[in-house]
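K.L.:
Going letter by letter, the sequence shown gives residues 1 to 93 in the working numbering.
Treat the hints loosely; a few may be bogus.
[What the hints assert, rightly or not] Per label pair, the in silico range of CB-to-CB distance:
id : residue 1 : residue 2 : range
1  : D84       : E60       : 16 to 24 Å
2  : E44       : V73       : 14 to 22 Å
3  : N41       : A66       : 18 to 26 Å
4  : A13       : H37       : 14 to 22 Å
5  : E44       : S77       : 17 to 25 Å
6  : A3        : V73       : 26 to 34 Å
7  : F74       : A3        : 26 to 34 Å
8  : D84       : L40       : 26 to 34 Å
9  : V32       : H64       : 15 to 23 Å
10 : P16       : A59       : 31 to 39 Å
It is worth saying that the hints were derived from the structure and are not from the lab.
Backbone N, C-alpha and C fix where the C-beta goes; we use that ideal spot for every residue, glycine too.
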Amino acid sequence: MAAPTYCFSVQAAADPGLLPRVLELFAKRNLVPSRCHAVLNGPEHDELLIDLQVTGLGAEEAEHVARSLRQIVFVTSVLTCITDEPQRLERIA
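Produce the entire structure from the sequences given, and follow the hints as far as they go.
P.N.:
As structure tokens, then:
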């Protein structure tokens with residue numbers, strides 16, 4: 001059985017330092033997200049939406065990461081889910 005994949009969806013005010021702060025939480029745990037997508041949103045592009053998928057976390061560690069994400073300045077919302085089948089992305093050449 002494959003390891004579960006934890007999904008994190010982060011909504012925050014757009015700030016140049018936000019994405020590195022989010023990724024740092026995974027780097028400190030020696031984890032590389034299997035998927036990371038960030039996009040500016042909102043009528044004035046003042047909101048940043050970040051979606052990440054990560055394997056190699058235990059349930060308690062994933063919950064700790066979610067709590068840590070919620071404490072980052074400018075973060076307004078963090079949603080989490082777990083799946084056994086990570087979303088597959090096709091490369092467009």
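K.L.:
Which numbered hints are broken by the structure, listed smallest first?
P.N.:
Violated hints: none at all, because every hint is consistent with the structure.
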